[in-house]
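J.: Residues per chain are reported as follows:
2 protein chains.
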Amino acid sequence: MSNPHLIGLDWGTTACRAYLIGAGGEVLARVTDGPGILRVESGAFGAALDTMIAGWPALPMILSGMIGSRQGWKEAPYAHCPAATGDIVAALTRIEHAGRAIALVPGLSCENGGMPDVMRGEETQILGALEIAKQDGGVFLLPGTHSKWAGVTGGCIASFRTFMTGEVFGALKDHTILGRLMREGAPDADGFARGVRASTTLTSAGALLNRLFATRTYGLMNRLPDTALSDYLSGLLVGAEIAEATKQIENPVTIIASPALAHRYTEALKLLGHESALAPADCGAAGHWRIARAAGLC
Amino acid sequence: MSNPHLIGLDWGTTACRAYLIGAGGEVLARVTDGPGILRVESGAFGAALDTMIAGWPALPMILSGMIGSRQGWKEAPYAHCPAATGDIVAALTRIEHAGRAIALVPGLSCENGGMPDVMRGEETQILGALEIAKQDGGVFLLPGTHSKWAGVTGGCIASFRTFMTGEVFGALKDHTILGRLMREGAPDADGFARGVRASTTLTSAGALLNRLFATRTYGLMNRLPDTALSDYLSGLLVGAEIAEATKQIENPVTIIASPALAHRYTEALKLLGHESALAPADCGAAGHWRIARAAGLC
Chain H
1 MSNPHLIGLD
11 WGTTACRAYL
21 IGAGGEVLAR
31 VTDGPGILRV
41 ESGAFGAALD
51 TMIAGWPALP
61 MILSGMIGSR
71 QGWKEAPYAH
81 CPAATGDIVA
91 ALTRIEHAGR
101 AIALVPGLSC
111 ENGGMPDVMR
121 GEETQILGAL
131 EIAKQDGGVF
141 LLPGTHSKWA
151 GVTGGCIASF
161 RTFMTGEVFG
171 ALKDHTILGR
181 LMREGAPDAD
191 GFARGVRAST
201 TLTSAGALLN
211 RLFATRTYGL
221 MNRLPDTALS
231 DYLSGLLVGA
241 EIAEATKQIE
251 NPVTIIASPA
261 LAHRYTEALK
271 LLGHESALAP
281 ADCGAAGHWR
291 IARAAGLC
Chain W
1 MSNPHLIGLD
11 WGTTACRAYL
21 IGAGGEVLAR
31 VTDGPGILRV
41 ESGAFGAALD
51 TMIAGWPALP
61 MILSGMIGSR
71 QGWKEAPYAH
81 CPAATGDIVA
91 ALTRIEHAGR
101 AIALVPGLSC
111 ENGGMPDVMR
121 GEETQILGAL
131 EIAKQDGGVF
141 LLPGTHSKWA
151 GVTGGCIASF
161 RTFMTGEVFG
171 ALKDHTILGR
181 LMREGAPDAD
191 GFARGVRAST
201 TLTSAGALLN
211 RLFATRTYGL
221 MNRLPDTALS
231 DYLSGLLVGA
241 EIAEATKQIE
251 NPVTIIASPA
261 LAHRYTEALK
271 LLGHESALAP
281 ADCGAAGHWR
291 IARAAGLC
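Chains H and W supply the protein sequences, listed in that same order.
Going by my numbering, the first residue of the first sequence is number 1, and it counts up by one from there.
Going by my numbering, the first residue of the second sequence is number 1, and it counts up by one from there.
Please note that a few of the clues may not be correct.
Said to hold, decoys possible - The list that follows gives simulated cross-link-like pairs (lysine-lysine, DSS-like), each with its CA atoms no further than 25 Å apart: (1) H:LYS173 - W:LYS247; (2) H:LYS247 - W:LYS247; (3) H:LYS270 - H:LYS247; (4) W:LYS270 - W:LYS247.
What the hints assert, rightly or not - If you anchor each label on the Cβ, the simulated ranges turn out as follows: (5) W:LEU272 - H:GLY46: 48 to 58 Å; (6) H:SER42 - W:LEU181: 19 to 29 Å; (7) W:ASP226 - H:LYS134: 23 to 33 Å; (8) W:LEU181 - H:ARG39: 17 to 27 Å; (9) W:PRO252 - H:GLY137: 51 to 61 Å; (10) W:LEU272 - H:ARG94: 44 to 54 Å; (11) H:ARG180 - W:GLY46: 19 to 29 Å; (12) W:ARG39 - H:GLY155: 54 to 64 Å.
Just so you know, these hints were derived from the structure itself, not from any lab.
Predicted, not measured: the structure shown is a model, and the values here were computed from it.
Every residue, glycine too, gets a C-beta built ideally from N, C-alpha and C.
All chains, full assembly: derive it from the sequences and hints.
T.: Here it is, written out as structure tokens:
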């Protein structure tokens, strides 16, 4: 085991991952169940940090994600796209905790057709994925509560778009009539595929507001088992997201996600005729290492 | 005042309206704050009915809406579109309460491109609106939690579509990050209009999942006041609904709704280049009278 050189934290709204990183960027130890910023009481981020990395050596620290938002430890103003590693390094926000320097990675902002968009944390994972694959371009998908699709050229995150797919799915399932007929069961691949295929028939934004209701009527009319309704709804939303996001994409899509979520998107991409590849684990740590090294922190 | 001839109830999921109806179909008295079926404990619908119409004479009764659903008093199986008054009469479900006959109006079902759709209660309001206007056709919009758009020709409800606009709006506002930056205020016509106009730029279902996020980023970037964000989101969804629903519509749209909701949709229709007219109040009672008379109940 090489000597540890850096501590990196990917500190989001609902979860935190901490990495002890070696001289070559490799992960030597990790904490995967740290509390998201919303679960840190009274903003006691220093104490939460100390608990997570207890026993790790005193090393330079770099934090990415919502920890750098207005609701986090300190606001790290967005860097604007197109943004390369150097632009992110130039926008690092420094704080001190217990006599140790901490760098907060800025989120990125961009503008698409008059709509501002923002990300926090995903930029670090993307830079890490590029680092691991020794690439300087590609299309990256980071699915989840807020799916991010980013285009990278020449090592530079050129632009990106957010799709609220995961959060919309949760709100519809838990807080509308669509959840009423659903019953939990094993993932239903057929229900999911039917949802993805149905998404291809939608030719407008409003058509989605109509088609969502099929999640109820298929249940009412016994055309889908109650254990498949949740997957149908998921397929409908994921399919709609992919159809829009891939409109001008030729490259294969690189997915940065947990295995379960990556599997879901891989299947949907396949159904819609797109190739995809899965990024290795620990892209976040690789991104921390890349940014910290470029900033001269380690 | 003419003699009362009929009692009609429009008994939905969250509210109930009861009408005491005269010989010409006019409303002689009304109760507007009855409990929806979900608020009637242990399904004690008879007792709830007795409370609502206490003091009214013993007359034939006709009930429309979710009271005829599986979760209601007794399930009244759907009549299938195209459906005229006679088809609805033929599908009335009869029950008895305290020695008095009650007719339950069936909901309607239809099929659009492989997707089943259903309504309960709106068919009665539509038939009532036709009755009052002495028309036998038109396009009817009943906005709300689940907006219904119905096409009527020759006195026959030919087909309809449901848009989950209202319920999606509520779920997004109350149960996603989009509500976080919103502040309650007077209705913001400019925010609403910006949402409606933004909806016209969306060329796919997935584009909506992206554009929703503008409700957050406009707030983050101070491009809309926090009191306008809720109206922006509303305009985005209402505009998307209208754009899809009016794809093949030439007629002016007749809106059956409360004044506040009707105003919102009238404004959005105008912004999108469509004419609309407002149906008179009490379409529900007129529908009850029309169906009951055709059934020989009064």
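J.: Tell me the numbers of any earlier hints that the structure contravenes, in ascending order.
T.: Going through the list in order, the structure violates hints 1 and 7 and respects the others.
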